[in-house]
Amino acid sequence: MVQINFWAIFVAALIPLLMGFIWYHPRLFGKSWMEEVGLTEDKMKGSMIGAFVFSVILSMLMALFLQFITIHQFGALGMVGGDEMNANPSYHAFMKDYGSAYRSFGHGALHSFMAGFLFVFPLTAINAMFERKSWKYTMITSAYWTITITIMGGIICGWYAVDGFHWVTQK
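One rule links them: number in our numbering = place in the sequence shown (from 1) + 7.
Any given hint could turn out to be false.
FRET-style restraints, in silico, Cβ to Cβ [what the hints assert, rightly or not]:
hint : residue 1 : residue 2 : range
1    : Phe-137   : Glu-91    : 37 to 47 Å
2    : Val-175   : Gly-53    : 15 to 25 Å
3    : Phe-72    : Asn-93    : 18 to 28 Å
4    : Gln-10    : Arg-34    : 21 to 31 Å
5    : Arg-34    : Asn-93    : 47 to 57 Å
6    : Ser-97    : Leu-65    : 35 to 45 Å
7    : Lys-38    : Gly-89    : 39 to 49 Å
8    : Ile-133   : Met-67    : 24 to 34 Å
9    : Gly-53    : Asn-95    : 17 to 27 Å
10   : Ile-133   : Gly-27    : 17 to 27 Å
11   : Phe-172   : Met-121   : 15 to 25 Å
In silico lysine to aspartate or glutamate, DMTMM-like type, Cα no more than 20 Å apart, as pairs [said to hold, decoys possible]:
hint : residue 1 : residue 2
12   : Lys-103   : Glu-91
13   : Lys-52    : Glu-42
14   : Lys-140   : Glu-42
15   : Lys-38    : Glu-48
16   : Lys-38    : Asp-49
17   : Lys-103   : Asp-90
18   : Lys-140   : Glu-43
19   : Lys-143   : Glu-42
20   : Lys-103   : Glu-42
Derived by calculation from the structure, the hints in this document are not laboratory data.
Glycine residues also receive a C-beta, built at the ideal position from the N, C-alpha and C atoms.
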């Protein structure tokens with residue numbers, strides 16, 4: 008049975024905030040990003056509580072979706088219509104043999120990186136071109152999201168049981 012570890016989802020949903028504090032710090036890419044989007048320090052002053060709370064909620068949606076990119080067993084569940092109770096014995100035999108196959112941080116990070124590079128980067132670049140943003144902006148934003156979802160996907164795929172975490176795929 009494919010189970011959702013809601014602790015992993017919640018922790019993964021905090022990664023965009025943590026990465027944002029690091030990535031957009033003035034000593035890293037914060038000043039460059041602010042120049043590219045036309046923000047000043049004065050415009051950035053004020054309460055951001057609402058933005059942080061809503062960001063976590065939206066990040067939880069992303070984390071829920073990343074399960075389907077990183078955890079192959081959801082594909083097997085989809086093949087039986089999502090109802091394990093009505094599945095053929097072959098499904099149960101498959102899940103017994105492969106239920107935890109490729110469930111590791113490294114595997115989840117790999118698939119999430121591919122999603123970042125092959126989906127997030129093009130999406131960001133297309134928007135940036137039509138918004139007349141620079142390639143510098145595109146690279147700062149795309150790299151942030153690609154690295155962020157890479158870490159998120161690693162956490163979601165590797166922490167599939169509340170009592171354990173797997174960095175590498177078990178042999």
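The hints, checked one at a time:
| no. | hint | verdict |
| --- | --- | --- |
| 1 | Phe-137 - Glu-91: 37 to 47 Å | holds, 44 Å |
| 2 | Val-175 - Gly-53: 15 to 25 Å | violated, 44 Å |
| 3 | Phe-72 - Asn-93: 18 to 28 Å | holds, 25 Å |
| 4 | Gln-10 - Arg-34: 21 to 31 Å | violated, 41 Å |
| 5 | Arg-34 - Asn-93: 47 to 57 Å | holds, 56 Å |
| 6 | Ser-97 - Leu-65: 35 to 45 Å | holds, 38 Å |
| 7 | Lys-38 - Gly-89: 39 to 49 Å | holds, 48 Å |
| 8 | Ile-133 - Met-67: 24 to 34 Å | holds, 26 Å |
| 9 | Gly-53 - Asn-95: 17 to 27 Å | violated, 58 Å |
| 10 | Ile-133 - Gly-27: 17 to 27 Å | holds, 22 Å |
| 11 | Phe-172 - Met-121: 15 to 25 Å | holds, 22 Å |
| 12 | Lys-103 - Glu-91 | holds, 13 Å |
| 13 | Lys-52 - Glu-42 | holds, 16 Å |
| 14 | Lys-140 - Glu-42 | holds, 11 Å |
| 15 | Lys-38 - Glu-48 | holds, 9 Å |
| 16 | Lys-38 - Asp-49 | holds, 13 Å |
| 17 | Lys-103 - Asp-90 | holds, 16 Å |
| 18 | Lys-140 - Glu-43 | holds, 7 Å |
| 19 | Lys-143 - Glu-42 | holds, 10 Å |
| 20 | Lys-103 - Glu-42 | violated, 54 Å |
Checked against the numbered hints above, the structure breaks hints 2, 4, 9 and 20 and satisfies the rest.
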